[in-house]
Amino acid sequence: EDKVVQSPLSLVVHEGDTVTLNCSYEVTNFRSLLWYKQEKKAPTFLFMLTSSGIEKKSGRLSSILDKKELFSILNITATQTGDSAIYLCASANAGNNRKLIWGLGTSLAVNP
Amino acid sequence: DAGITQSPRHKVTETGTPVTLRCHQTENHRYMYWYRQDPGHGLRLIHYSYGVKDTDKGEVSDGYSVSRSKTEDFLLTLESATSSQTSVYFCATSTTGVSLYEQYFGPGTRLTVT
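Read top to bottom, the protein sequences are chains A and B.
For the first sequence, position 4 matches number 4 in my numbering, and the numbering has no gaps at all.
For the second sequence, position 39 matches number 39 in my numbering, and the numbering has no gaps at all.
Be a bit skeptical, because a hint or two may be false.
With a cut-off of at most 20 Å between alpha-carbon atoms, the simulated SDA-like pairs for lysine to any residue come out as follows [as the list claims (entries may be wrong)]:
#1 A/K40 with B/G51
#2 A/K41 with A/A109
#3 A/K37 with B/P39
#4 A/K40 with B/H41
#5 A/K41 with B/P39
Which chain B residues stay away from chain A? Per the calculated CB distances, all over 12 Å, these [to be verified]:
#6 S7
#7 E14
#8 T20
#9 R22
#10 R44
#11 E79
#12 T95
#13 S99
#14 V113
Footprint (simulated), chain A over chain B, 3 or more residues, beta carbon under 8 Å [unchecked claim]:
#15 34-42
#16 45-59
#17 101-108
These aren't lab readings, by the way, just hints derived from the structure by calculation.
Built from N, CA and C at the ideal position, the CB exists for glycine as well.
Pulled out of the complex, with its shape left as it was, chain A reads as follows (with noise of 0.2 Å):
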């Protein structure tokens, strides 16, 4: 069965921390893997990942994905209050109608 699975599943740090949140994912014919932030309302989306060992980037955040050992990263640097937030994953397969298979979540609190 496919499954994407989330480490830590709650997470509290201090301003100015730098944290990494871990994606780890079995299923059948991967073609992407991606991460969303949400806040008190809908998820929204932060990066897909589609090959191995390049860095994706935007301001403090940056993800990476390892094909070979089926696991992401989501680094995020300097962290704010308004990094608050659940961030998840999810992977994407071939075939399977654009259908996403999701982790849990991250819980990422940061306190001032």
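Use these hints to put chain B onto chain A, whose structure you have.
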């Protein structure tokens, strides 16, 4: 972001009543999805559509039906609401091309079944 709206945004209903949630998009996206989100379960797919009148079941489809008569509208119906269907419901869409796996979410509907 895709223009996706959901209605109603909040609803309280009684057990046994039918409920219809509406998702409307203005981006002409081909694919549409209904999810529910519950603590400890994450996002779970209820039904999805890959075109007008083309729909299929997701992982938690029991007690739900959908219809898509126009590209822009995707309706989710709870045929006879139960307390276990109390949840936050999200609609999402995706398109074709280089962004084919990216899903864009509506603002959600909070449904309470008493």
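Comparing the hints with the structure gives:
no. : hint              : verdict
1   : A/K40 with B/G51  : violated (30 Å)
2   : A/K41 with A/A109 : holds (16 Å)
3   : A/K37 with B/P39  : holds (16 Å)
4   : A/K40 with B/H41  : holds (17 Å)
5   : A/K41 with B/P39  : holds (14 Å)
6   : S7                : holds (14 Å)
7   : E14               : holds (27 Å)
8   : T20               : holds (20 Å)
9   : R22               : holds (16 Å)
10  : R44               : violated (8 Å)
11  : E79               : holds (23 Å)
12  : T95               : violated (9 Å)
13  : S99               : violated (8 Å)
14  : V113              : holds (21 Å)
15  : 34-42             : holds (count 3)
16  : 45-59             : holds (count 5)
17  : 101-108           : holds (count 8)
When the structure is compared with the earlier hints, violations turn up for hints 1, 10, 12 and 13 and for no others.
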